[in-house]
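Protein chains: 2
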Amino acid sequence: MAVAVSPLAPKTYPDLPPVDGVRFATGAAGIRYQGRTDVLLALFDKGTEVAGVFTRSKCPSAPVDWCKTKLEGGKARALVVNSGNANAFTGKLGAEAVKTTASLAAKALDVPQSEIFLASTGVIGEPLDASKFEGVLEPLRDAASPDGALDAARAIMTTDTYPKVAVARTEIDGVPIVITGIAKGAGMIAPDMATMLSFIFTDAPIDAPVLQSLLTRGVQGSFNSITVDSDTSTSDTLLLFATGAAAHRGAPRIKTKGDRKLKPFRKALDALLLDLAHQVVKDGEGARKFVEIVVEGAASPGAARKIARSIADSPLVKTAIAGEDANWGRIVMAVGKAGEKAERDKLAIWFGDIRVAYKGMRDPAYDEAAVSRLMQADKIDIRVDLGLGEGSARLWTCDLTKAYVEINGDYRS
Amino acid sequence: MAVAVSPLAPKTYPDLPPVDGVRFATGAAGIRYQGRTDVLLALFDKGTEVAGVFTRSKCPSAPVDWCKTKLEGGKARALVVNSGNANAFTGKLGAEAVKTTASLAAKALDVPQSEIFLASTGVIGEPLDASKFEGVLEPLRDAASPDGALDAARAIMTTDTYPKVAVARTEIDGVPIVITGIAKGAGMIAPDMATMLSFIFTDAPIDAPVLQSLLTRGVQGSFNSITVDSDTSTSDTLLLFATGAAAHRGAPRIKTKGDRKLKPFRKALDALLLDLAHQVVKDGEGARKFVEIVVEGAASPGAARKIARSIADSPLVKTAIAGEDANWGRIVMAVGKAGEKAERDKLAIWFGDIRVAYKGMRDPAYDEAAVSRLMQADKIDIRVDLGLGEGSARLWTCDLTKAYVEINGDYRS
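In the order they appear, the protein sequences are chains A and B.
The first sequence begins at 1 in our numbering and counts up one residue at a time.
The second sequence begins at 1 in our numbering and counts up one residue at a time.
The hints are simulated quantities; they were obtained by calculation from the structure and are not laboratory data.
Heads up, some of the hints might be wrong.
As the list makes no split between identical chains, a pair holds if one copy fits it or if it spans any two.
With a straight-line Cα cutoff of 20 Å, these simulated SDA-like cross-link-like pairs (lysine to any residue) come out [what the hints assert, rightly or not]:
| # | residue 1 | residue 2 |
| --- | --- | --- |
| 1 | Lys-379 | Asp-207 |
| 2 | Lys-402 | Gly-47 |
| 3 | Lys-92 | Ala-299 |
| 4 | Lys-92 | Asp-363 |
| 5 | Lys-257 | Arg-217 |
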């Protein structure tokens with residue numbers, strides 16, 4: 001089935017500058033199909049620090065288990081990613097495949113196994129034949145180049161209709177720093193996090209525990225605030241690699257998370273995470289609309305988040321948006337089913353700037369034609385004020401179209 | 001948009017016998033469209049006891065608020081149901097519309113307002129013009145007949161493709177008792193409960209508190225164990241009316257819920273509730289497959305229920321079933337995202353009799369062709385054994401098809 005590029009795809013890709021200390025190469029290992037690019041190798045200079053966040057699924061993939069353990073060391077020399085097979089729910093065979101891959105990589109790259117990170121995406125439950133990596137990594141090692149980030153983003157795509165890349169430039173103590181990131185993910189996207197792989201690279205000299213704190217905080221308002229279909233993958237992996245190469249140009253090493261010199265970096269990282277997270281939603285399977293949901297006036301931030309999630313995940317809300325139907329009654333339904341405090345007679349709802357419901361009933365000034373025009377845009381803004389307290393939350397989602405069902409339904413019959 | 005009758009619809013309807021003490025009439029009040037049957041009136045003889053369960057939405061409709069209050073008296077003389085407008089999220093106007101309707105009904109039927117029950121289904125957020133009931137109820141009162149149950153079921157349909165009716169015959173202390181029930185609901189169906197109206201009628205002489213206990217227990221394994229799209233309506237209403245007329249034929253009055261003479265009645269009621277609940281799922285918007293999900297071996301019954309719900313609500317599981325794709329990896333995903341205890345290496349999954357996954361990986365004997373044949377049936381059975389404890393749960397759902405998106409997407413653009 002040919003799938004057209006999402007109409008919400010970015011019109012242009014940014015030039016991805018090299019990150020000092022990072023090199024990429026991609027190749028074909030024949031994981032699922034012959035002759036298709038399905039392996040990404042990223043090499044890091046000695047001294048690279050690493051942080052990561054992972055799926056909260058109770059059935060994580062074998063590579064997720066592997067990365068969690070290796071993260072304890074805080075050091076990274078290589079990242080090996082394959083598409084075509086998620087190596088998830090593959091039991092002992094999966095754990096063995098991961099060990100084999102790491103062992104082959106350690107030998108080919110001459111780095112310790114404990115500093116090799118692995119990620120896999122693709123079919124769940126099929127054993128991954130790790131022997132296919134044999135002889136594949138050596139030529140990749142030799143071909144690795146600082147300029148391969150866009151190719152890297154392409155190599156990890158599955159049902160994605162476009163590669164997801166982002167770049168941010170910042171400084172630490174006046175020394176220029178670059179951050180680049182790639183991501184994949186289109187379906188099975190929900191907090192926390194998504195069928196989502198994302199890898200961020202920077203030359204900033206930041207110790208692993210500080211990196212971890214930046215990342216854990218940064219994903220809250222970005223990757224953990226998006227949902228495509230409420231389904232959570234077994235494989236979600238987000239890794240942040242910091243080579244520290246900017247130290248050669250005078251950047252001081254950051255060793256504590258309270259260091260004031262971190263401020264611009266944190267801001268730049270947060271913006272880059274949000275950029276990538278939005279790109280994932282905009283490539284949501286079958287998506288035609290990018291939807292921002294803001295909930296305000298809730299009893300608590302947690303209540304606001306739960307209500308926003310209830311709206312964002314509601315099939316009835318999402319199909320209405322697909323149909324460009326300003327069906328705010330379904331928003332009321334979704335608020336009501338969230339199980340959090342809500343008083344019908346205090347609730348107000350906006351589509352864009354237009355208030356459609358107020359004090360428990362239709363806004364007297366509500367003009368359906370005006371809202372209908374607004375619903376034709378690519379970006380839909382929904383705002384709900386519960387009128388109860390100070391809790392607020394912001395989430396992003398997409399519409400639910402027939403194409404989603406088509407992409408995921410297979411329709412073999 | 002013309003919608004064909006669900007392929008899962010029952011091939012025949014049972015003959016609905018009269019229930020002594022109950023009469024029905026249907027008519028057109030022009031609530032949303034002119035000339036369409038949109039009002040159901042049910043009349044009950046004096047002494048009829050009533051019990052009810054309702055949506056747990058935090059934004060319930062005005063008729064739900066009304067019924068909850070009136071239920072305290074435990075007595076019913078009339079039920080007025082309209083389709084075309086849900087009178088939900090209509091604030092003060094909604095409460096006034098309910099009062100106006102009850103007042104018109106009390107006058108037309110010469111019964112106390114406190115013994116009149118109301119339900120509405122249709123569009124949310126539009127004010128209901130209750131003056132449309134004026135002059136409508138008197139002719140219905142005069143026309144009411146004991147034989148109108150099937151017409152009653154038809155009158156309350158919205159996006160339903162077939163009327164839902166059920167009948168059960170039982171006895172209390174050797175005296176024959178009849179129970180009949182009608183239901184509507186097709187989308188916005190999820191525990192607890194559904195965009196669902198259901199009314200059950202019996203001639204059994206059972207006191208209201210006992211009826212309430214029977215109903216509250218009975219919905220757990222039936223109406224509260226179904227989901228179409230995880231969306232919960234603001235209007236869900238299930239009322240059980242017991243006229244007590246069988247007392248004239250010698251049935252003893254049941255005054256305590258522990259009364260042993262209740263046993264056959266409870267069993268018959270539970271079966272009827274399950275029958276109606278299944279009919280609702282089988283008419284799920286766009287449904288082509290009826291799916292039973294059994295979760296066993298969970299750490300607790302609550303955990304089993306949450307995992308079953310996670311599977312039943314997963315768009316990726318539901319689209320796979322629509323595509324007749326035995327994609328058990330998505331079942332693993334749904335188990336993993338439920339947030340309950342699950343050990344990958346103890347998990348086993350069956351489609352029908354075929355075990356597809358065992359001990360953390362694909363069953364060695366798994367034959368995809370055999371499972372694919374099985375997926376072509378109308379009824380799909382999924383069983384998951386977590387291998388952890390004794391907790392089990394059983395839920396019913398349907399597949400997610402393009403027709404669901406079409407029905408709910410409106411596609412006005």
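Structure-based check of each hint:
1. Taking the shortest Cα distances, Lys-379 and Asp-207 never come within 20 Å of each other, neither inside one copy (39 Å) nor across copies (56 Å).
2. For the identical chains of this complex, Lys-402 and Gly-47 are neighbours neither inside a copy (49 Å) nor across copies (52 Å), given an alpha-carbon limit of 20 Å.
3. Taking the shortest alpha-carbon separations for Lys-92 and Ala-299, neither the intra-copy value of 46 Å nor the inter-copy value of 23 Å comes in at or below 20 Å.
4. Within a single copy, Lys-92 and Asp-363 get their C-alpha atoms only as close as 59 Å, which misses the 20 Å cut-off; across copies the closest is 13 Å, which meets it.
5. For the identical chains of this complex, Lys-257 and Arg-217 are intra-copy neighbours only, at 11 Å inside a copy versus 54 Å across copies, given an alpha-carbon limit of 20 Å.
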